[in-house]
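Could you slot chain B onto chain A? The hints should help.
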Amino acid sequence: GAVVSQHPSRVICKSGTSVKIECRSLDFQATTMFWYRQFPKKSLMLMATSNEGSKATYEQGVEKDKFLINHASLTLSTLTVTSAHPEDSSFYICSAPRQTGAADNEQFFGPGTRLTVL
Amino acid sequence: DAKTTQPPSMDCAEGRAANLPCNHSTISGNEYVYWYRQIHSQGPQYIIHGLKNNETNEMASLIITEDRKSSTLILPHATLRDTAVYYCIVRFSSGSARQLTFGSGTQLTVLP
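From first to last, the protein sequence lines stand for chains A and B.
With our numbering, letter number 37 in the first sequence gets 37, and the count goes up by one each step, no holes.
With our numbering, letter number 91 in the second sequence gets 91, and the count goes up by one each step, no holes.
Rather than coming from a laboratory, the hints here were simulated on the basis of the structure.
Source: prediction; values computed, not measured.
Be a bit skeptical, because a hint or two may be false.
[Stated by the list, open to error] Keeping only pairs whose Cα atoms sit at most 27 Å apart, straight-line, the calculated DSS-like set for lysine-lysine is: (1) B/Lys-3 to A/Lys-42; (2) A/Lys-41 to A/Lys-14; (3) A/Lys-66 to A/Lys-41; (4) A/Lys-42 to A/Lys-66; (5) B/Lys-69 to A/Lys-42; (6) A/Lys-66 to A/Lys-20; (7) B/Lys-69 to B/Lys-52; (8) B/Lys-3 to B/Lys-69; (9) A/Lys-41 to B/Lys-3.
Isolated chain B (complex conformation):
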């Protein structure tokens, strides 16, 4: 699975959009980009994933660059409960029941 690079920490004002970047310059053509988050002392929670196209669900939007070497997770209206560590993970195949390899992630702190 391709390695990812994320900033260690970010702050965001409550109610504003939080944009979390991720670099995955060695991603291969059939690797998916997944985002999970982990609120303190809880298990990770799935947020969104995508292959090439931008994706949106009730939690967030995922913007993947055309060359697929980077992506951005967007929380459109951050709340205090969005404070968590956000992990960007690249996986070979979304259909594979393989383990996830977690990097260091980004600690997002939403400020009141």
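Here chain A stands alone, though its shape is the one from the complex:
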């Protein structure tokens, strides 16, 4: 089946630094990828939609200047958390839709990246 990878799986950084998270679709192309954030014991919340070759679309309340998204190729989207602070500590998950039939589409999720900001 289709696989979506994320790197790194876990990162610990100091407050004020920037962290880049990569999301790759390994055996299919994705013009769109989604970035979610999940706090402990909470559900996934959509942060933004990453669009290949154009600007990302951010959900209400998500700062686009803080969470930079770059979708430079059909298999790679990156999320950079700029000037990270402890409240940005969370589980970040990406997903990519893949056409699985003539009128069918399935979302494949990455394994997630655990960010801890000290």
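This is chain B only, laid out in the frame that chain A set:
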């Protein structure tokens, strides 16, 4: 996308069937019912989806009521590895590359 309601938690004995309910009373005629699960500290995993008819695959069965206002995910022989949060999601179109909107889900705990 229609809102769903699921019980926050359920227990199931290992080897028994796990039946997870979901209410989606505002579902529209061309919205699909999807089920995903998330094992602790992992990304969500697709399980099954359906529109009107009952569906079965190697992981589970999906039973959708005739009025489509509710559905049940059935894991026929639950194992300890099935312990996870199960999300029932209703989407407008399975052909659309839209994001998924996650509710609170049901924490299923399979007991030895």
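Holds or violated: A/Lys-41 and B/Lys-3, Cα atoms, limit 27 Å. Given that 27 Å is the threshold and the Cα spacing comes to 20 Å, the pair holds.
Are A/Lys-42 and A/Lys-66 close enough, with their CA atoms no more than 27 Å apart? Distance of about 22 Å is within 27 Å: holds.
Distance restraint between B/Lys-69 and A/Lys-42, which requires alpha-carbon spacing of 27 Å or less: The given pair, whose Cα atoms are some 25 Å apart, holds under the 27 Å limit.
Starting from A/Lys-41, check that the Cα of A/Lys-14 is at most 27 Å away, please. holds, 24 Å
Between the alpha carbons of A/Lys-66 and A/Lys-41, is the straight-line distance 27 Å or under? Holds, at about 24 Å.
Between B/Lys-3 and A/Lys-42, is the straight-line Cα distance small enough, at 27 Å or below? Distance of about 17 Å is within 27 Å: holds.
Given the hint that B/Lys-3 pairs with B/Lys-69, does the C-alpha gap stay at or below 27 Å? holds, 11 Å
Assess, step by step, whether the Cα of A/Lys-66 is no farther than 27 Å from the Cα of A/Lys-20, and give holds or violated. holds, 12 Å
Does the alpha-carbon distance linking B/Lys-69 and B/Lys-52 stay inside the 27 Å limit? OK: B/Lys-69 and B/Lys-52 at ~11 Å, within 27 Å.
Taken one by one, the earlier hints all hold for this structure without exception.
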